[in-house]
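Student: Top to bottom, those sequences are chains D and G. Going by the working numbering, the first residue of the first sequence is number 1, and it counts up by one from there. Going by the working numbering, the first residue of the second sequence is number 1, and it counts up by one from there.
Just so you know, these hints were derived from the structure itself, not from any lab. Among the hints, erroneous ones may be present.
As a list, the in silico EDC-like pairs of lysine to aspartate or glutamate whose alpha-carbon atoms are at most 16 Å apart [to be verified]:
{"#": "1", "chain 1": "G", "residue 1": "397", "chain 2": "D", "residue 2": "76"}
{"#": "2", "chain 1": "G", "residue 1": "397", "chain 2": "D", "residue 2": "73"}
{"#": "3", "chain 1": "G", "residue 1": "397", "chain 2": "D", "residue 2": "103"}
Partner residues are not named here, just some residues of chain D that face chain G (Cβ under 10 Å, in silico) [claimed, not checked]:
{"#": "4", "residue": "47"}
{"#": "5", "residue": "69"}
{"#": "6", "residue": "73"}
{"#": "7", "residue": "79"}
{"#": "8", "residue": "86"}
{"#": "9", "residue": "100"}
{"#": "10", "residue": "103"}
{"#": "11", "residue": "111"}
{"#": "12", "residue": "113"}
{"#": "13", "residue": "115"}
Note that CB positions come from ideal geometry on N, CA and C, so glycine has one too.
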Amino acid sequence: MLEIKDLHVEVEGEGIEILKGVNLTVNKGEIHAIMGPNGSGKSTLAKIVAGHPEYEVSKGDIMYNGESILEMDPDERAHAGVFLAFQYPVEVPGVTNNTLLRESYNTIAASRGREELDPLEFDDYLRDKLELVDMNPDFLERSVNAGFSGGEKKRNEIFQMAVLEPTLSLLDETDSGLDIDALRIVADGINKLHGEDDAVVLITHYQRLLNYIVPDHVHVMIGGKIVKSGGKELAIELEEKGYDWLETHATVNGEAK
Amino acid sequence: MALATRIEPSILHKLAKYAPESENSVWADLRAKSLKELNSTAFPHRKIEEWIFTDLRPIVRTDFVPLEEAGTFPATDIEKYFIPESDRSRLVFINGKFHEKYSSIGGLGKGVTVGNLADHSDEEEVQKYLNNLVNYEDDVFVQYNALMFEDGAYIHLEKGAKAEAPIQVLNLYTDAKNPFVATPRMLVVSEEESDVTIIEDHIGLGENRYMTIPVCEVKVKESAHIHHVRIQRDSIDAIHVSRPIAYVEKNSEYHSYTITLGAKLTRNEPRVIQEDEEVDFTLDGLVLIDGEQIADTHSVMDHRFSHADSHQLHKVVVNGKAHSIFNGKIFVRRDAQKIDSFQENRNLLLSDDGLVNTKPQLEIFADDVLCSHGATIGQLDPEEVFYLQSRGMTEEKAKEVLTYAFALETIENVKVESVHKLLIDEVYRYTKANSESKVTV
Chain D
1 MLEIKDLHVE VEGEGIEILK GVNLTVNKGE IHAIMGPNGS GKSTLAKIVA
51 GHPEYEVSKG DIMYNGESIL EMDPDERAHA GVFLAFQYPV EVPGVTNNTL
101 LRESYNTIAA SRGREELDPL EFDDYLRDKL ELVDMNPDFL ERSVNAGFSG
151 GEKKRNEIFQ MAVLEPTLSL LDETDSGLDI DALRIVADGI NKLHGEDDAV
201 VLITHYQRLL NYIVPDHVHV MIGGKIVKSG GKELAIELEE KGYDWLETHA
251 TVNGEAK
Chain G
1 MALATRIEPS ILHKLAKYAP ESENSVWADL RAKSLKELNS TAFPHRKIEE
51 WIFTDLRPIV RTDFVPLEEA GTFPATDIEK YFIPESDRSR LVFINGKFHE
101 KYSSIGGLGK GVTVGNLADH SDEEEVQKYL NNLVNYEDDV FVQYNALMFE
151 DGAYIHLEKG AKAEAPIQVL NLYTDAKNPF VATPRMLVVS EEESDVTIIE
201 DHIGLGENRY MTIPVCEVKV KESAHIHHVR IQRDSIDAIH VSRPIAYVEK
251 NSEYHSYTIT LGAKLTRNEP RVIQEDEEVD FTLDGLVLID GEQIADTHSV
301 MDHRFSHADS HQLHKVVVNG KAHSIFNGKI FVRRDAQKID SFQENRNLLL
351 SDDGLVNTKP QLEIFADDVL CSHGATIGQL DPEEVFYLQS RGMTEEKAKE
401 VLTYAFALET IENVKVESVH KLLIDEVYRY TKANSESKVT V
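Just chain G, with the same shape it has in the complex (with noise of 0.2 Å):
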């Protein structure tokens, strides 16, 4: 009885014959290999265990059309988002192609490749390690990016080699008659001893639906450091699903903070995978929603050797009809001893409306390992309100100082000025619209 499971064509399944034709033989081997798994995987739904929480109605329920096909207005004013320290390190994608004409790669230094991937395939690292670090099991998400990107971001950094300036990686999605779905791609590859600060930024120009599924590969070699800062603010109405994956080698650094402001629905994995003794890792998070909007992260810090530090402080705000979830994984296989781990998610619940759903998820098989955890839901303590209400605050303008208060632990390490300038206006931005919608209701 060899009957093939019938799969239940999702959009991404439909939109998969509009995969573009490749020249070179790398892209149309991993694109003949991604369609064939995404063919034989079905589109996740609330019955399984990873998905239970999560509403996809917002993706199944959108019509997705080719970018070809979506009617896109063009991209204004753009400049705006670049961040200064970048001026000459930054590279642009629009709807997930890359643009020269904005972008621009000239201020690293030796030992610094920065670039479109399509340029690079050749490279060996890129054959190495291109979808070959992806280890996200069945995942029509990255089968999909896979099959479809035709651009991407390269960051390649010779031993030894340190960026002189943090690299920009913007992210724009336009305005749009209808729905598409965009595939941005990144790779990272940081040898021996190299360092590099990264600004991945996803910003959605207008408030239309669009379906956006970044994946991010990186690879930190031996006493290599990376500083990862990816910040969220797709349009109101988008969908953010995005994969990014690190694997830490002996000595190194991988520091990722992911801040999460803009999109209807997001699906944030990232995983952190070690490779080797003696490494230093952070996944942080900090997630301000309102509305309507759907905030889900799935991580995974996956402990496979001894001697290591890691670290997750994943801060959530709530506020009107906003759902946040959040499942942290953290794997630590047997003979990893010495791991000190540590994970605290806290949610701050602003409205009657809001929902929270999160499950710290700690599976230990190594016996002399400190691992702490913590996950708090609460409302602001009244106890701080009528402290800050009793020096003259009112009672909104209290509010509005803890919730910032709140927030702004998590972008403390930032180090990158005008990106932690930017956050804190952001913070700001939140806890006073949030105010202000109170006081008029």
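Okay, chain D solo, but in the shape it has when bound (with noise of 0.2 Å):
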């Protein structure tokens, strides 16, 4: 589903490499966990799948279900069923969350050739998906993550999710500023949410997600690069280790920095 390789990225006009040459596979049905140290570059590599305008790809390429997406629109992404959780969603105040899913998931529906649904119709649909995040309906009418605590924002990321009905749904610190009630809630949705036909990336700093979530692959990012890949068995090798002797890893093989 999602093939990246050799991907190596700038920030725009600024000449610094942030990704140094990143390879991964991601098929259909799987769930892959991306952890790292902080500035290793893995949100980094989260936005870019996304389309993100602030990054240029200097070498390297994309593939999603075969195809290129390097000179698609972040929106044409989200069309073709790409979907990012933010670390930090962005408030929009003046526009109610009813009415910017009402308008992504129309969208989205009508360029995947599915039936528009009206204002009736959606409420109906909403109303299951609030379930799955445990959120209360008053939420619809409030602004996009206008006044919303932390943890309520990246709630409202994955009630997003729930909505649009992603294929390949990557997810960036959705773990972060949850207490352990909402982390359990989170997790708990992305798991009912997950299926044979899509796909799951987390990007986490912790393995406390993973308790949860389990994932069928975990990668090691450090310096730009994926330094280490392995089983859900790495996660907890990490949780004991840390990242240093990784990153010593690293550095024997030259590519630190």
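Build the complex from these two chains, which are given one at a time in their own frames, with help from the hints.
Tutor: Here it is, written out as structure tokens:
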């Protein structure tokens, strides 16, 4: 489904390389976790797949369902089924959640050749999804993320994911800022949404989230590269040993910084 | 050496000879005094601090003619501008002249007088306040208005009177062969504990050049409340120079919302003067401009006594080659303690060629006050645009939604339903037109 090949990425106009040759293959039905210390480039990887205009691909390619998506705008990628849950969801005062979601749902539905929903049908559709992340219907009439707590914003991202039904979900530190109850709710929601036809990429600092969502593959990213991949047991190893042993490993291979 | 300074006559000085004759002595005295003042006051220019950013060429280079010689076309289809809530509380002026047949003033209940100033010139309040509340020094526009106006809106509320419906003061300007000058006038006196909502609307029916110089005086007496919405939808080539001033007495509230959409050149100078303690006032503005429009707001909030809450949110969206100017003066006089004043000017620049000048100006002479202010000029946040795009919206749609959301905040407090809706539609039309113009470029 997603195939990232030797991806090199710079900040637009600054010439600083953030990703230095990332290779990653995600098949449908899989859950991948990308872990790593701050500044390792894992959030950048998620944003670049979603099409953030701030970054420039200097080398390599991103294939999605067999085609390169580098030339696609973020909205076209969303139409194709890519979803990014933001690390810092943006506040949009003046636009209600309901308005945003209906607008999004219908444009995505139209581009996939599905039926658009009228406001009443859409309302019913939303109610079911709300339960999934245990959110109060009042949320719908509030401005998108405006005045939301950190935890509410993260839950709102997963709610949007539930509504938009993406095929590839990139969840950027969705666990940060969540207390243990909220973490469980969010993790349950993600587990329920995940099926054999879609894939999930979790980006996280900590192993904590992976107690609730069990990944098929774990990757460690340091200094703009994936330095180690393994099964779910790798996450536990990281929890015990930290990242230092891998950073040394990266240096030995002559690739640090 | 008692040589009088010679004044370079402007178009307003030249048109002064067409001032109407007056049969009543109050009007005649006012005219004589105004003519004298006008003849000794120079037209402003950009070397004066207060006018440094404002391009006055649209006024200076236009050969305005007296209204009678303008060749005006009739006003048609004007009912669509009537707001339903004011079905029986509406005054209509066309090019500054009162039109009784379109007006309707029966629905306001006891103690509320609404009508044409010319029909109320004998009243004590009119004689006491008319032209005595305007404190614009050496201002040719106020002088010209005082010299020329014949009709005007008069709103008076007796003690304790509550207007049962919002009052719409509808100022229409017709298409014409030649550019003319209109001088709408308004006097509002709200006695103790009274309450009224006023919708002041300026609408250009054509796309022609004209100049309107509305002067509005408001007296809010003890414990009275006024909600004043001012909508400027002048023709795209018009010039709008307005002077609305309000005096707020003890325990009173005055909340004003000015929405600027039309006109080639707008110079709006709203002022609120505090006359006693415990007052609460608002002077909000929303400016949506495009093309080559110039919109200039010079406001004054004058705190002269202790215990005032004052609030000013001035939001501006600039597209095309439009130019916005904001100068917000907040005065807190000595001994005016415990003032809580807030001013925020936020400017959204949608184009590379737009221009914004902003100058918050706080002059505080008391020491126990809370005055906060902020001014920002920015483009749409790329992170917000990306967020909406990642949810499936096109870049154009995302920008449209964000612009709409930016503008909407200032009109949230407009409490007349149909006007609130009308303003939402205007904001929507502005943002929609912008995103479309970008798509085609």
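Student: Classify the hint on residue 113/D as holds or violated, based on whether any CB of chain G lies nearer than 10 Å to its CB.
Tutor: violated, 15 Å
Student: Does the interface hint hold: is residue 86/D within less than 10 Å of chain G, judged Cβ to Cβ?
Tutor: holds, 7 Å
Student: Holds or violated: the hint that residue 115/D contacts chain G, with Cβ atoms closer than 10 Å.
Tutor: violated, 16 Å
Student: Given residue 100/D as an interface hint, is the shortest Cβ-Cβ distance to chain G below 10 Å?
Tutor: holds, 6 Å
Student: Does the closest beta carbon of chain G sit nearer than 10 Å to the beta carbon of residue 47/D?
Tutor: Check passed: Cβ of residue 47/D comes within 8 Å of chain G, closer than 10 Å.
Student: Closer than 10 Å between Cβ atoms is the bar; does residue 69/D clear it against chain G? Give me holds or violated.
Tutor: Result: violated, 13 Å to nearest chain G Cβ.
Student: What's the verdict on residue 397/G and residue 73/D, does the C-alpha distance respect the 16 Å limit or exceed it?
Tutor: With a Cα-Cα distance of about 13 Å, the restraint between residue 397/G and residue 73/D holds, given a limit of 16 Å.
Student: Once the shortest beta carbon distance from residue 73/D to chain G is found, is it less than 10 Å?
Tutor: holds, 7 Å
Student: Taking the least C-beta to C-beta distance, is residue 111/D closer than 10 Å to chain G?
Tutor: Nearest chain G Cβ about 8 Å off; hint holds.
Student: Below or equal to 16 Å on CA atoms is what counts here, so check residue 397/G against residue 76/D.
Tutor: holds, 13 Å
Student: Residue 397/G and residue 103/D were given as a pair; does the straight-line alpha-carbon distance stay at or below 16 Å?
Tutor: With Cα atoms ~10 Å apart, residue 397/G and residue 103/D stay inside 16 Å; holds.
Student: At a threshold of 10 Å, is the proposed contact between residue 79/D and chain G supported by beta-carbon distances?
Tutor: At about 6 Å, which falls below the 10 Å cut-off, the nearest Cβ of chain G leaves the hint on residue 79/D intact, so it holds.
Hints 5, 12 and 13, counting from the list given before, are not met by this structure.
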